[in-house]
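Trainee: Chain by chain, the residues run as shown.
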Amino acid sequence: MGRLNDISLATQVAVFGNKRAFDQLVRQYQSPVRRFFLSQTLGDEMLSDDLAQDTFLKAYTHIGQFRGTSSFLTWLTRIAYNVFYDYRRKVEGEGLKVEGEHYAADISPSTLHVPPSTLKMDLYNALAQLKEEERTCISLQLVEGFAIDEIAKMTNMPTGTVKSHLKRGKEKMAQYLRQNGYDR
Amino acid sequence: MDMTDNELVEKLFKDIRQMEIPDDGFTERVMRQIPDVKTQALSRLWTMCCIAIGVVLFVLVRGWEPIGYGLVMLLNNMPSLQSHLLVIMAATVVVGLITISDVFRRERYSVI
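Protein chains in written order, with the numbering used here: chain A, -18 to 165; chain B, 124 to 235.
Please keep in mind that the hints were generated in silico from the structure rather than gathered at the bench.
Keep in mind that a hint or two might mislead.
Claimed, not checked - Derived coverage of chain A by chain B (criterion: at least 3 residues anywhere in the stretch with Cβ under 8 Å from a Cβ of chain B; other residues may be distant):
id, segment
1, -4 to 8
2, 123 to 134
Said to hold, decoys possible - SDA-like cross-link-like pairs, simulated, lysine to any residue; straight-line CA separation at most 25 Å:
id, chain 1, residue 1, chain 2, residue 2
3, B, LYS137, A, LYS71
4, A, LYS134, B, ASP159
5, A, LYS0, B, GLU151
6, B, LYS137, A, GLN160
7, A, LYS112, B, LYS134
8, A, LYS153, A, ASP103
9, A, LYS39, B, ALA164
10, A, LYS148, B, ARG140
11, A, LYS71, A, SER52
12, A, LYS0, B, ARG140
13, B, LYS134, A, MET102
14, A, LYS71, A, LYS112
15, A, LYS112, A, ALA2
16, A, LYS148, A, ALA133
17, B, LYS137, A, LYS0
18, A, LYS0, B, LYS134
19, A, LYS39, B, GLY148
20, A, LYS153, B, ARG140
21, A, LYS39, B, LYS137
22, A, LYS0, B, ALA164
23, A, LYS0, B, ASP147
24, B, LYS134, A, TYR157
25, A, LYS0, B, ASP225
26, A, LYS153, B, LYS134
Ideal Cβ positions, reconstructed from N, Cα and C, are used throughout, including at glycine.
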């Protein structure tokens, strides 16, 4: 039912330029999209919101390309992944640091009011141990709940590569968690 | 990787998975940035007009003749060109092809 409703809303946006229908879609999907960016930027809320805004603007201008073969969230997350990929390329082109290992050191608890608890801070610290691709695969699977083949489609990586990023990412995170006494 | 690793990581993600981020005016901010349909239509119309004018001018001034002439001249003179010029030309072609393929790739993967 939800999927049919999404297709109906997307059609109203594409055919009639119905802004109210798009408003409903943004309201419905802002949380997973912003959460995805929060885990990619290790809790940088302002940057996450900017990137999420770009994602929805791109979704609006390309909504005619949504065919309904995948869920609206899958389609949206793919755009979000590309927005983040473009952002990374831009930042790297400007010679600024973008790797998670550097991010983590720069982020102070005061800038992270979503989510506020120590547990979530620890999550970002654990995610900071991972390479960019590992972090993407881990957050798409463990935070957003996407299947491996969906992640492969979104990121344009072979399924085997996604699996190995997940395996390595989980190993690194588990090692970090053990070192910090989480297994007790 | 054994199950313990999985369990440990799963435990950490359990809460965050259920975390719902409050809207807090995000949707309004997005909706304010949405381009106007009329502006979009006008922009599309303007692009179409420019393309049409370009095509008409190309046909009127027989634009293919100087291009063809230039290419034939280039090919005829290629053996006499200095090697560093050939390298620059080849590099330009390679960079151009990479750029074009990158643009196509980004277009293809920009949406599902």
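Trainee: Are the hints correct? Go through all of them and say.
Mentor: Hint check results:
no.: 1; hint: -4 to 8; verdict: holds (count 6)
no.: 2; hint: 123 to 134; verdict: holds (count 4)
no.: 3; hint: LYS137/B with LYS71/A; verdict: 33 Å, violated
no.: 4; hint: LYS134/A with ASP159/B; verdict: 32 Å, violated
no.: 5; hint: LYS0/A with GLU151/B; verdict: 11 Å, holds
no.: 6; hint: LYS137/B with GLN160/A; verdict: 20 Å, holds
no.: 7; hint: LYS112/A with LYS134/B; verdict: 21 Å, holds
no.: 8; hint: LYS153/A with ASP103/A; verdict: 14 Å, holds
no.: 9; hint: LYS39/A with ALA164/B; verdict: 16 Å, holds
no.: 10; hint: LYS148/A with ARG140/B; verdict: 19 Å, holds
no.: 11; hint: LYS71/A with SER52/A; verdict: 29 Å, violated
no.: 12; hint: LYS0/A with ARG140/B; verdict: 30 Å, violated
no.: 13; hint: LYS134/B with MET102/A; verdict: 14 Å, holds
no.: 14; hint: LYS71/A with LYS112/A; verdict: 18 Å, holds
no.: 15; hint: LYS112/A with ALA2/A; verdict: 38 Å, violated
no.: 16; hint: LYS148/A with ALA133/A; verdict: 14 Å, holds
no.: 17; hint: LYS137/B with LYS0/A; verdict: 35 Å, violated
no.: 18; hint: LYS0/A with LYS134/B; verdict: 40 Å, violated
no.: 19; hint: LYS39/A with GLY148/B; verdict: 19 Å, holds
no.: 20; hint: LYS153/A with ARG140/B; verdict: 20 Å, holds
no.: 21; hint: LYS39/A with LYS137/B; verdict: 31 Å, violated
no.: 22; hint: LYS0/A with ALA164/B; verdict: 15 Å, holds
no.: 23; hint: LYS0/A with ASP147/B; verdict: 19 Å, holds
no.: 24; hint: LYS134/B with TYR157/A; verdict: 14 Å, holds
no.: 25; hint: LYS0/A with ASP225/B; verdict: 32 Å, violated
no.: 26; hint: LYS153/A with LYS134/B; verdict: 15 Å, holds
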